[in-house]
Amino acid sequence: AQKVTQAQTEISVVEKEDVTLDCVYETRDTTYYLFWYKQPPSGELVFLIRRNSFDEQNEISGRYSWNFQKSTSSFNFTITASQVVDSAVYFCALIYNAGNMLTFGGGTRLMVKP
Amino acid sequence: GAVVSQHPSWVICKSGTSVKIECRSLDFQATTMFWYRQFPKQSLMLMATSNEGSKATYEQGVEKDKFLINHASLTLSTLTVTSAHPEDSSFYICSAPDYESYNEQFFGPGTRLTVL
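Read top to bottom, the protein sequences are chains A and B. Here our numbering is used: the first residue of the first sequence is 1, the next is one more, and so on. Here our numbering is used: the first residue of the second sequence is 1, the next is one more, and so on.
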């Protein structure tokens, strides 16, 4: 069985602060994919990143960066110099190779105040 | 990337009526689609897997007679909430994997159902 845990249910920061959203996962599969999605108030899920289990390289995209560590089963997401537009719920998710269905974490609500 | 649409985007209905939600893959074929439900301030929970040309697979605790799924073509899956009740009010989201994109799933924009 797969499980994704996002321990932080809500985070509040002031604009320009850096913030890290934690994600810990459990799976018995050796091949799997990890995702981060952003869900703004409109509800539509916005794809941010996909990482496969064989690629532990960290990734940076603009103000966003991701730290994947298989040793701790974590896939953390950092927003640098946060902005009000970053306010949303962020979901970490896991997919294993066979079924293609996503297992979502509980989500972290990020509030960035001006 | 691939596009998945949902219709309607929101619906309000009276208790006891049935509501049909459509999920379409616009520029790719999807033999499988997934239906998720999201209650306010909660995460997305998989309800069922829709399979083209065969019966849907439901997750534990999801009533298949209440949530009817039909995947009649390679681009369309429908979810019908039968005899809807206020507790069925939720945000319903479908997704479809594009197998040419290495397990990337494409999500519809969601349907917000409110049952009065």
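If you are wondering where the hints come from, they were derived from the structure by calculation, not from laboratory data. By construction, the Cβ of each residue, glycine as well, lies at the ideal position given by its N, Cα and C atoms. Among the hints, a few may not be true.
Anything over 10 Å on all C-beta distances counts as not near chain B; from chain A, calculated [what the hints assert, rightly or not]:
| no. | residue |
| --- | --- |
| 1 | Gln8 |
| 2 | Val13 |
| 3 | Asn67 |
| 4 | Phe68 |
| 5 | Thr78 |
| 6 | Leu102 |
Which residues of chain A face chain B? A few of them, derived with a C-beta cut under 10 Å, are [unchecked claim]:
| no. | residue |
| --- | --- |
| 7 | Ser87 |
| 8 | Val89 |
| 9 | Phe104 |
Distance rule for Gln8 (chain A), whose beta carbon must clear each one in chain B by more than 10 Å = holds, 13 Å
request  = Taking the shortest Cβ-to-Cβ distance between Val13 (chain A) and chain B, state whether it exceeds 10 Å.
outcome  = Since the minimum Cβ distance to chain B is about 19 Å, Val13 (chain A) lies beyond 10 Å and the statement holds.
query = Can we confirm that no CB of chain B comes within 10 Å of the CB of Leu102 (chain A)?
reply = At about 6 Å from chain B, Leu102 (chain A) fails to clear the 10 Å cut-off, so the statement is violated.
key: Consistency of the no-contact label for Phe68 (chain A), given chain B and a CB cut of 10 Å   = holds, 16 Å
request  = Identify whether the interface hint at Ser87 (chain A) stands, where standing means a beta carbon of chain B within less than 10 Å of its own.
outcome  = violated, 15 Å
request  = Under 10 Å, Cβ to Cβ, is where Phe104 (chain A) needs to be relative to chain B, so tell me if that hint holds or is violated.
outcome  = Hint on Phe104 (chain A): holds, closest Cβ of chain B at ~5 Å, below 10 Å.
message = At 10 Å, judged by beta carbons, does Asn67 (chain A) keep clear of chain B as stated?
response = At roughly 21 Å from the nearest Cβ of chain B, Asn67 (chain A) sits farther out than 10 Å, so the non-interface label holds.
inquiry  = Under 10 Å is the threshold here; is the Cβ of Val89 (chain A) close enough to any Cβ of chain B for the hint to stand?
reply    = Holds - the Cβ of Val89 (chain A) comes within 10 Å of chain B, reaching about 8 Å at its closest.
key: Nearest-CB test (10 Å) between chain B and Thr78 (chain A)   = Consistent with the label, Thr78 (chain A) stays out of reach of chain B, its closest Cβ about 21 Å off (over 10 Å).
Hints 6 and 7 from the earlier list are contradicted by this structure; the remaining hints agree with it.
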